[in-house]
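Engineer: The residues making up each chain are set out below.
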Amino acid sequence: MSILSLAGVSKSYGSLKVTDDVTFDLPEGQALGIIGPNGAGKSTLFNLITGNVLPDAGRIAFDGRDVTRTPPMRRCLAGIGRSFQIPQPFDRLTVFENLLVAATHGRGQGEAAVVRDCADILERCELSARANDPAGGLSLLGRKRLELARAMATRPRLLLLDEIAGGLTEGECTALIRTIRDVHAQGVTIIWIEHVLHALNSVVERLLVLDFGRVIGIGEPGEIMASQEVREIYLGIEI
Amino acid sequence: MGHVIRTRTRASTVAAIVGAIVVLGLALLPLVAGRGLIQDMFFILTMLVLAQFWNLLAGYGGLVSIGQQAFVGLGAYAMFAGVILAGIDPVWAIPLGGLAAVIVAVPTAFFAFRLAGAYFAIATWVIAEVVRLSVAQWKTLGGGTGTSLPRTATRDIAGTGWIEAALDVRGAAARDILAYWLALGLALLAIGAIYGLLRSRRGLALASIRDNEEAARSVGVDAARLKWSVFLAAAFGTGIAGGLIFMQIARISPDAAFSVTEWTAFVIFIVVIGGIGTIEGPILGVLVFFALQKLLADFGAWYLIALGVIGIAVMLFAPRGLWGLISHRTGLELFPIRRRLITTKGNDHG
Ligand SMILES: Nc1ncnc2c1ncn2[C@@H]1O[C@H](COP(=O)(O)OP(=O)(O)OP(=O)(O)O)[C@@H](O)[C@H]1O
Ligand SMILES: [Mg+2]
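Protein sequence lines, in the order shown, are assigned to chains G and L.
Every number in my numbering is 24 more than the matching position in the first sequence, counting from 1.
The numbers in my numbering rise by one with no breaks, and the one at position 249 of the second sequence is 240.
Worth flagging that the hints you see were computed from the coordinates, not collected in a lab.
All values derive from a computational prediction rather than experimental measurement.
Note that beta-carbon positions come from the ideal geometry of N, C-alpha and C, so glycine has one too.
The reader is advised that the hints may include incorrect statements.
Incomplete in silico selection of chain L near chain G, CB under 10 Å [as the list claims (entries may be wrong)]: (1) GLY(-7); (2) LYS130; (3) SER139; (4) GLY187; (5) ALA196; (6) ASP246; (7) ALA247; (8) SER250.
To be clear about the criterion: a stretch of chain G counts as covered by chain L if any three or more of its residues have a C-beta under 8 Å from a C-beta of chain L, and this derived list gives those stretches [unchecked claim]: (9) 87 to 93; (10) 111 to 120; (11) 126 to 139.
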């Protein structure tokens, strides 16, 4: 059964059509990659799925329920977790508290019940050493890790990751891939927007290509990367 | 390996002990202090209560209200109404102030919550003006010119007889002492309740809203509900404080009870110079405010201008206020809410 399905979803800003009649289904447990040039509407698509932006047309269903107009907080409780492309940490809270608030509210459990899991996620995201430091003091890499960790702390069934590998060194990237694979192996469905294609392709089972808000290809990564249309868009970009 | 959450620090333990001694000292103050000092302390404590609630609203809920004078005034008028119209003892009429404030806060929130940022602030101010103008029509309570608490009601307020006998003071002084003790109790309750809230799961959520509301909603925080709770709680506390302040003054008028300068501008000043988004900030802020008021009292209008300049300077150079400077330098927390993750050896427990 598909955990997420979008049917004819569209969104415009003024005369600019940022999401254009997007339709796709995502089977539970799959990892889907999204690629496309800058400004193609990838992050907007995430905002539509999480409810931070409401569509002008179309329907979005999560786990068989229509969530087209459901506010972000309810969608999180239903099991949609996300990271922001531009990290949005709770600056004055510590790194650990960032996870704690996500875990207690995203799952509706008490603080004591989630401590261990939060500590575990910090460990996996290599943030343990910074656990008790204010999140505002983290470097960009730290903030990106925190985005992933905080999203994981809500214990999502669908995890949306928006460009969390950009700017990482080879070693850091490998560690990140390992973490995401771990999460995926536990049965979490993943949608990952990424420009670092080798990282993306080592995790995802399916690839969706977005251009000017339209889905111009969706399918097995090898096939997609081989198609003429995608090659043209990515001309000059290292694959 | 196990993991536990710890909030207490050594400094906070020391602070708790010192705090308890200070509170005890404050409680016993009327035994030694003159009437002037008791009145000053009453002023400090009631302003502190208003500041704590405004800080809860703006510092945590992100609700920058400039209409809190509506709730001070309503609290005061409801208390007067209880005394004059229903013959209730002034002390027991104070809770009516909290009730009246909450009743008006509900429609206010319905209206103002539709607006964000500056528009929210302006809406709260407009509503406060409407409330002031409406109350000024209330002829039985003196209309636009106001009225005083009747002598029959102030002569033997609950508790004053005992104070007169025990401390050997006369009527008016006993009333001040009673008001002072009530203010001390209210300040302790307000700080205790706010601290308790911030230590809870909801408090963590409030802090996350303060830092980034969109991200907070995205991790499952029910921001709308929390804002409602905070707004109603602040209205209640502010209404109670209003009732108490005007019980001590024993005279009321719409201009005094709904003064935007007195009950909102000064309160914002206190929170901003002390440090917004912390419990320590308003405590430090009210002391600085009081000192400035004493120093500059003789300069008339220049006093307000000086306050304004100081407020703006602090906002520019120390956006987290004086307490922000101190805690940033020293890491000090008197009311610890920071949850530290402690990794222990033994097994997991909690
Ligand atoms: N709130 C907004 N108001 C107006 N235009 C917007 C808004 N949000 C996004 N856009 C525009 O919509 C287009 C798509 O933006 P979006 O962030 O979804 O692209 P993206 O594919 O994520 O790009 P990138 O790879 O740079 O992150 C861009 O042209 C952007 O300027
Ligand atoms: Mg983007």
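Engineer: State for each hint whether it applies.
Structural biologist: Comparing the hints with the structure gives:
| no. | hint | result |
| --- | --- | --- |
| 1 | GLY(-7) | 8 Å, holds |
| 2 | LYS130 | 47 Å, violated |
| 3 | SER139 | 47 Å, violated |
| 4 | GLY187 | 14 Å, violated |
| 5 | ALA196 | 6 Å, holds |
| 6 | ASP246 | 39 Å, violated |
| 7 | ALA247 | 37 Å, violated |
| 8 | SER250 | 33 Å, violated |
| 9 | 87 to 93 | violated (count 0) |
| 10 | 111 to 120 | holds (count 8) |
| 11 | 126 to 139 | holds (count 10) |
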